[in-house]
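A.B. asks: Since the structure of chain X is already known, use the hints to place chains L, E and R with the ligands on it.
Here are the chains, one letter per residue:
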Amino acid sequence: MSTATRDSGVVQVRGEVIAIRRAGAYHHLTIVAPGVAELARPGQFAALAVGGPTTGNLLRRSFSIHKVSPSGTYGGTLDLVIAAKGAGTEWLTALRAHDTVDVVAPLGRPFPLPTEAVPTVLVGGGYGSAPLFWLADVLRERGCTVEMVLGAASEDRLFGVVEARRAADRVTVTTDDGSAGQRGWVSDVLPEVFRRTGAPVAYACGPMGMLQSVTRVAAEHGAVAQVAVEESMACGVGVCMTCVMPVRGKDGVTAMVRSCVEGPVFRGDRIRWEAFHDGVCGVPEDAVGAPKVGGH
Amino acid sequence: MSTATRDSGVVQVRGEVIAIRRAGAYHHLTIVAPGVAELARPGQFAALAVGGPTTGNLLRRSFSIHKVSPSGTYGGTLDLVIAAKGAGTEWLTALRAHDTVDVVAPLGRPFPLPTEAVPTVLVGGGYGSAPLFWLADVLRERGCTVEMVLGAASEDRLFGVVEARRAADRVTVTTDDGSAGQRGWVSDVLPEVFRRTGAPVAYACGPMGMLQSVTRVAAEHGAVAQVAVEESMACGVGVCMTCVMPVRGKDGVTAMVRSCVEGPVFRGDRIRWEAFHDGVCGVPEDAVGAPKVGGH
Amino acid sequence: MAVDLSVTLSGRTLPNPVMTASGCAANGRELHRFFDVSTLGAFVTKTVMMDPRSGRGTPRMAETSSGMLNSIGLQGPGIHAFVAKDLPWLKSVGARVLVSIAGNTAGEFADVAKVLVDSDAFDCVVGVEVNISCPNVANRGLVFACDPLASGKVIALVREQLPRDVPMFAKLTPDVTDIVSIADAAVKSGATGLTMINTLLGMVIDTDRLRPQLGGITGGLSGPSIRPVAVRALWQVTAAMREGRFLTVPLIGVGGVRTGRDALELIAAGATAVQVGTATFNDPTAPQRVLTELEALAESHGVARISELVAVAHDRMVIP
Amino acid sequence: MAVDLSVTLSGRTLPNPVMTASGCAANGRELHRFFDVSTLGAFVTKTVMMDPRSGRGTPRMAETSSGMLNSIGLQGPGIHAFVAKDLPWLKSVGARVLVSIAGNTAGEFADVAKVLVDSDAFDCVVGVEVNISCPNVANRGLVFACDPLASGKVIALVREQLPRDVPMFAKLTPDVTDIVSIADAAVKSGATGLTMINTLLGMVIDTDRLRPQLGGITGGLSGPSIRPVAVRALWQVTAAMREGRFLTVPLIGVGGVRTGRDALELIAAGATAVQVGTATFNDPTAPQRVLTELEALAESHGVARISELVAVAHDRMVIP
Ligand SMILES: Cc1cc2nc3c(=O)[nH]c(=O)nc-3n(C[C@H](O)[C@H](O)[C@H](O)COP(=O)(O)OP(=O)(O)OC[C@H]3O[C@@H](n4cnc5c(N)ncnc54)[C@H](O)[C@@H]3O)c2cc1C
Ligand SMILES: Cc1cc2nc3c(=O)[nH]c(=O)nc-3n(C[C@H](O)[C@H](O)[C@H](O)COP(=O)(O)OP(=O)(O)OC[C@H]3O[C@@H](n4cnc5c(N)ncnc54)[C@H](O)[C@@H]3O)c2cc1C
Ligand SMILES: Cc1cc2nc3c(=O)[nH]c(=O)nc-3n(C[C@H](O)[C@H](O)[C@H](O)COP(=O)(O)O)c2cc1C
Ligand SMILES: Cc1cc2nc3c(=O)[nH]c(=O)nc-3n(C[C@H](O)[C@H](O)[C@H](O)COP(=O)(O)O)c2cc1C
Ligand code: FES
Ligand code: FES
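Residue numbers (numbering that gives the first Met the number 0), protein chains in the order written: chain X, 0 to 295; chain L, 0 to 295; chain E, 0 to 319; chain R, 0 to 319.
Don't read these hints as lab results, they were simulated from the structure. Take these hints with a grain of salt, some might be off.
Stated by the list, open to error - Derived DSS-like pairs: lysine-lysine, alpha-carbon spacing no greater than 25 Å straight-line: (1) X:K291 / R:K113; (2) R:K187 / R:K113; (3) L:K249 / E:K84; (4) X:K66 / X:K84; (5) X:K249 / R:K84.
What you are looking at is a predicted structure, and each value in this text was computed from that prediction instead of being measured.
In isolation and in its complexed conformation, chain X is listed as follows (with noise of 0.2 Å):
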């Protein structure tokens, strides 16, 4: 079944969904993947083609990986939670036990892990909480303190509110309209997080917006963000250059990088957020081989 993919740190699967069911506005999916939990680290993704045989979908659709499990009764797993926004995730979550889905995994470079025991603070945005559980895990393996923030519009489009309490030392929930935890956005209280833990690195995923706010603030608090970006992809895997956003290198100098080999997570502070504005990302003026004046 599975594509033996030259020791590359990827595997191509023909995936078996063993479990779907709702978790609030998200479904959860468990498919088996031979493979792919052996290679997993948290903070990467999966790209998976929708729409089965006679399909006019043709791109993959991706997604991070919540958890995976090497061995069981059926071989190794893959869990992923899904948001249904449109034909290729509509296409997924109304698959049932037993259908078929072709697996790409693992992609992109997981969360870099703090080599010392320190504390930490992971935040997730909306299904942007559904790799920081597995995260918060191996944090904890390694002696790390781990605290949680959790927001969404609604308490519907939390996940893993249940989970958090497990995996995490202490889980904060805000909502926009209040129907869960506190009023308002994960911004508002991440500034007395920072404060009360001293993270020295904290872990985003979620909306663009958010992520920007948290490696604001974990700046002022002299922390580092990793954050894990959503950057529309066509291949996922590094070949078609769709999924570029400009970032600052170690050396200072601002490339289009590709955030699906590169990323989907960076450091906050190297991504030019001044770029992006109502979905639309400019190339900065000082970026490599930026169109000239009257150039390109």
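C.D. replies: Chains L, E and R with the ligands only, in chain X's frame:
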């Protein structure tokens, strides 16, 4: 569910598959399709949308109506016999009970029935026999005797041999490879059948080559052949002009007529068989509006 | 609050912007079994020429990924039979009719228009669509709409035959290097509007028989697969008109519309009205369904009139 | 019996006719995780220009029915970085490389070719693909390949830089009224082959925001939706060559190939080799899978050599 369609003899309805089972090389589908049974006559067909919401296959697939039943536990049903050969039929034959499928039916002109109780010959090639059992019932209700000839390439490609024994007064089976019945083609046995029955009319459904030979043999025995043709159809409802074939009208004038609305049943001797050649059909020079030499 | 769906095309006000596409709805009777064709903004008839035409041999179609190829060869009864039978029927059910015409020569277009204008049922005609995306017998079969001069000539000759107040739409092919120059020529020659786009020239080979699948070898590609080309063509011509490169005329968008959302896409690019073609083969009620879906969508955008959405995307670009 | 899959393109023999398509496979490392890129007939690199280029802003893609739009804007490292890093890597894994080059001006194309020819790893290069489907800065951004003169000029200048025995393919856009005249100009100016087709110009409007979905407004349409246009272009140019209108050169087919059957379709229309582009985004092993499927299909047609199937459909027409 069913769209009331203006008392126009056809309905569009979201059908529900209630049974699907193999029958030799074919799949036999029973679909709840309220409204169809009341309107349908033997020889008409149904056009089904395929592929589901994300599909890239836009065109409907046409199938002879095998039988209908106006009421039942589930409401009116429609039975079709489908050979999986391409994307659309593969999708249809992979449907499971309770899946839904968009059906437009009944379409086209049915087999014209004799006004008197006469002997009749019904000839089916492959799945082409599907509409003939229902036709046989109707003919026998009218006092006609029915003799059936079923032919196919091999035994698994015969459809309804058992049902034929019930529906007809006598049944002859032929297969190209001799795996069932007599080895050979239906046209090998037909002369004898016409001689024996003295039938003034034959009804046939199957591949074009077979329809042509049924027409020829019928004519040789002074009988009229009513044949249900199969031409590539994009719409099935008469609006696209893809399904045309050269047919001589009552006035003797040949026109390119739509087989979906003026057919699929034509008098065999009206079809300009000589225009067909290896899957391609030309426009006879004497057809209405035929290209003039050097013209369009 | 209900959205006002009416649109005005070159002086004629239609109750809504949704139409059938020429050649995808025959001349009305067949679809009338599925929905009342008079509920559409207009009914666009199959292109008719002077004489009856048999069209091409078969196969005439090939399914393609999210689309199809056709090579019908403009089969039709000829303009005299059309005005004697089809047009009166459309009038009798209360349809507003946009009549699509063509000719083998520029002169034939004009002759067809004349017969139409002189016909009894002409008062149900809300415009003429001049299908210049067909071969010009006088010029080695080159499609009229591939050449600004030939396009302009046809349009000017047809214009002479039509009463001043009858809207005339030139239907353009996308198979050109510069569609704006063809649009320009058509408008300068008297087209009061443009319909875009006709099919793209395409071909399918049967890989079992290893020969062209269509009897006519090449065919016209249509369906959702070509919608991005239609949107682009509407956008380019609208942009040129907004820049004042030629007179601003209404555009009718066609190409790959299957849903109300698709219709809105063409409208936002610049179309005042929208035609539904190939999607009708998938769903015979498609034109009516598109209208219903479009209405709901316009409502969700909070506009009072659908016309507020015409070309709206030109004003909403984000330049970061 | 095994089919001989080898094909000869302008003097270079490749083990099989399947390639990646420029811009759909990056420069090899990423796909090499999924299959050994040296097993393909050739690996076609992302178009490279003189200087590093950031490409356009985002969004750079929109999914369309059976296809997609992209507006990457030729992002790349520049030819110097390419010959320093990418080409040696491709050589190290044993790939045969078809290098795609472009320029903002005709002169820049030639300069890029010169750097390539002078590079250390040049011996793994089996040809140069000249991507003339990009904007000509000197002519108001009009795409070179839309104009026979501009196309010819680029080809002639690049030809001067390349050793005689290095195959040179001109990559054509389908967005022209007459692709045969562009093919003619390219061949007359020294192209030893042609690659067809590049993407079609298209556009998608986001119907929630009512604005163009791509940052670059328009983009290139690719994928199975455009295959009928690719087949038609290959057919027309092959027919013209068979009629002796210009020198017969090998064609590389590209456009919508997803399966071995699709590849065979392009081959039967006239392509000697075939590139797999957008399908790779659906399935990262697509180029290799297409090769396997094509081999099985050729076998089922009972040919000894795949080259027997090139343009075969031109000889198999049924004229009833
Ligand atoms: C690294 C990464 C991780 C993600 N993790 C999750 C997750 O855990 N759960 C979840 O529900 N969603 C996640 N997403 C978003 C998810 O990929 C999109 O919601 C999904 O692709 C939308 O597909 P659709 O067919 O429903 O929508 P459509 O709008 O029909 O999609 C059209 C095209 O746009 C692309 N696209 C649309 N929205 C997005 C988006 N936000 N990101 C990337 N591509 C997009 C699709 O892949 C497709 O190619 C993630 C995205 C990325 C890039
Ligand atoms: C009046 C009529 C009655 C039919 N009855 C039956 C039946 O009872 N059982 C059965 O198995 N088949 C029947 N067929 C044939 C059936 O319609 C085709 O096998 C089917 O359309 C093939 O679809 P596909 O997606 O599998 O093949 P594809 O090759 O993928 O089809 C591609 C396109 O070609 C059209 N097409 C291909 N073959 C045919 C064909 N033979 N006739 C019409 N259109 C075709 C399809 O509709 C589709 O639009 C009938 C056809 C007609 C016209
Ligand atoms: C079967 C068929 C027949 C057509 N016949 C005509 C025609 O006679 N005249 C015309 O102007 N366009 C004709 N067209 C083109 C359509 O009107 C329309 O411009 C094109 O199909 C694109 O729209 P669509 O994608 O919605 O089908 C035809 C299209 C199809 C599919
Ligand atoms: C994301 C993307 C990037 C592309 N970049 C290039 C390019 O740099 N140079 C080029 O010649 N063609 C480029 N193309 C065009 C492809 O090489 C190919 O000609 C086209 O996509 C049609 O083939 P397909 O349908 O198999 O994708 C690109 C296509 C896509 C989808
Ligand atoms: S999604 Fe294709 S390069 Fe990142
Ligand atoms: S199938 Fe469309 S007219 Fe017959």
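A.B. asks: Hints first: check each against the structure and report whether it holds.
C.D. replies: Here is what the structure says about each hint:
no., hint, verdict
1, X:K291 / R:K113, "24 Å, holds"
2, R:K187 / R:K113, "21 Å, holds"
3, L:K249 / E:K84, "20 Å, holds"
4, X:K66 / X:K84, "22 Å, holds"
5, X:K249 / R:K84, "20 Å, holds"
Comparing the model with each earlier hint shows no violations; every hint is respected.
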